[in-house]
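K.L.:
Chains as they are written, first to last, in our numbering: chain A, 1 to 123; chain B, 1001 to 1689.
It is worth saying that the hints were derived from the structure and are not from the lab.
All clues given are correct.
With a straight-line cut-off of 27 angstroms between C-alpha atoms, the simulated DSS-like cross-links for lysine-lysine are:
#1 B:Lys-1589 with A:Lys-84
#2 B:Lys-1356 with B:Lys-1300
#3 B:Lys-1672 with A:Lys-84
Non-contacting residues of chain A with respect to chain B, defined by C-beta distances greater than 12 angstroms in every case (computed):
#4 Arg-9
#5 Glu-10
#6 Gly-12
#7 Ala-34
#8 Asp-40
#9 Phe-44
#10 Asn-51
#11 Asp-52
#12 Met-75
#13 Asp-77
#14 Phe-103
#15 Asp-105
#16 Glu-108
#17 Lys-111
#18 Lys-112
On a predicted model such as this, the values are computed, not experimentally measured, just so you know.
We put the CB at the ideal spot given by N, CA and C, even for glycine.
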Amino acid sequence: MAEFNVNVRESGHIKILELQGYLDAHTAPDLEAAFTKLVDNNQFKVVVNFNDLNYISSAGLGVFMAYVETMRDNMGDIKFANMKDSVFNIFDLLGFPSLYEFFNDENEAVKKFDVIDGTVKAE
Amino acid sequence: MKSFIDQTINFYVNASKKLENIIFFGVILFIFKILFTIRPSSVFITINEFLVFITLGAITIYLVGVVKVRIVNPIPIIINMGIFNAIIFFFSSVSTKFGEDSVLSGSQKGLFKDIVIVFVVYMIIFSTSYIFATLKELFSLRQKKDNSSIFNTMVVFMVVTSFANTVYKWDSSLSYIRDAFWVVTIILIFINSLKVAWIAFLQKKQKLYLLFLSVILFTIFIFNSIFSFDSFLAEELVKFSPALSFFVQIVMLYGAIYFGVIFFTALFHLPTAEVFDRKAEELSSMMDLSNLMTQVFDFKELAESVTTTTNKVCNSDSAWLLTYENNQLNLSAVTNISIVEAEKISEILLRENKGKLNEVKTLHHEDFRIQIQNDTKIVKYKSIAFAPLKVQNKTNGFLFAAKKDNYSFDDDDKKAISSYADYAAVALENAKLIKESLEKERMEKELDVAREVQYKLLPHSTPKFDNLETAATFIPAFEVGGDYYDFFNINENLLGFVVADVSGKGISAAFIMAEIKGIFQSLAKILQNPREIIIKANETLKHSLDKKTFITAIYGTIELNTGKVSLVRAGHTPVIYCNHNKIDLLTPKGIGLGLDFGEKFINNLKELEFYLKNDDILVLYSDGISESKNSKFEDFGIERLTEVIRENCDKPIDEIANKIMKEISLFSQDYKQHDDITLVIFKWNFRNK
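Chain A on its own, in the form it takes in the complex:
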């Protein structure tokens, strides 16, 4: 019934995870596997595109919590983009917007990374 898919794309040196379907306790390990792979490859700048994600459970949220620290400790981050209102409401109630950056469009999130990178380079 509940199907879930992770697709990994690249936009420059930033990885984009496209989520699709239902993210719950049963499908969360798939997303975890994708994140583990990114960390193993030293890719810490991640934008998650929620465009095709219909549902997220607390187990799904836990995956981001588990990896965000590692990303941030390595000059990276997990940014959220293209979220449906129903999904955003769940994040919002929990107070995620105070802790994570949310963008309406994937490109904005990518740009945000670039800007920071730019300042780093300028220094």
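Based on these hints, arrange chain B on the given structure of chain A.
P.N.:
Using the frame of chain A, we list chain B on its own:
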């Protein structure tokens, strides 16, 4: 006389193997014989013959019972039979010598002679009975059909022929009667002698032995039936009872024919004996395994039995078994080979086959170079066979058998290994499934424990106040969520309340729930400000929550004299506020517990304060309600919830709670509840006293 008849009837009714019968008839016969030595009257002869045959019958029936229990292993019984046969032979040949020149010779008719004769005849009767009983049991050994009728017919004819012999002795012109019965009896004996199927089930050694025995027995039987009948004993036997003497002769002939048949049957069975032996061994190993399957559920034990029996089935020297566990091939059992050797050899063999094997495979003259630490050892095997353990097209492991001796595995061995592997695969899979189901049962018990823990941590009743009504409903999900609610009577005028939801399920969620109950209970005693309590709770949880786990909570207080509510929301679902059909969702800012342990958590946590007016309702709930699903996978949602509350807000709060639960169960009747459901309702009703 009456007791004699009774006894006779009793005997034939019971047909039991009672020794008393034998003794009783034996003694009667003895007395009869001593009292009336020779009376050529037909009445006496008839009584005599009947007494003899009743005794013979009693002994035979008794001995049939004795032989029956031991006939499973026929060889010793046949040897016993040979011994009794030899006794008859001995007596008949010795008697001639004694009869000619001893005090027992014909003319002297003393009491002593009579007694001796009776005893010798008893010996003959007993021996004949034993032989006959054995022949009867051999006849029915391993017979698939009940052929007793043909045997019984033969017995009847044997007895009738014997009696006909008595008649013949009376009047020799009636010999044709005896001869006619005699011919029929011989034919029946031939037919019965062909029932020798049991020979096929003997092992090769036993068959050889039987061949040897049959020659000896055949010879003795022939001697007893033909030559010994000119002996002195034979003469005395005829005097004693003509029918008995003829019966003995018939039994001897039967024995001779039977063992003649056995000789040829055993001879023809010899060449195939070994094959038959092996098939029987395979079959019994398979049966052993199927017994194990039903008795042994321990995987390890079963695996060990599989390798031991493999050696038996395939005549191999060593056997070992590899099985998949979590997609990893592990050595499960070894017999007659070291673990290291077995591991290395299977590694080499499976690498050659790229780990894929669809059917049994054999290799011959293999030398394996095995490196153990720094030593290289060469292990030689004449022949190695290995077969996949397949269940429903899935390979669960591999069975190996190896031979060191001269003969390689032949096609039959290959087949045996292959079919044995199939069988073992099913047995092992079975054991695994049983283990899994036990594991599942254990898990379910654990869930029961978690559910019980959860129930015990929740309040048993809701507090009652003059100005404030409270109601609470909790329905656990099958998998035990981490919902928690509680009330704290901080002081006379202040009620504390908490509703929380631990992310995750099962035992771990129940544990965290127990922890947060402890935290809130103690903090409620020390602090009064809800915001401070939540901040402290978050700090306390820092060390016990793993990265993935968070808790949403609402903590608040209500002043019971003023109706002042203070509450904070840490990521939890909104508080529904209802004031005369007007609904408000109270969502003060706040991050879930465990999402952040620093400044961000504190800075984002806002406290909400307001005063309740009469008939105001506050509803706190867990997301188990808003996320209740219907068959279309739609959420019950907050709108449906607020609508139910709006429609029922002027009703007593127990009724409101019931209405909400009813709506939820109606909505989600086709979908399993996947999360705990918690509902806490307050209603303010100020009464000025």
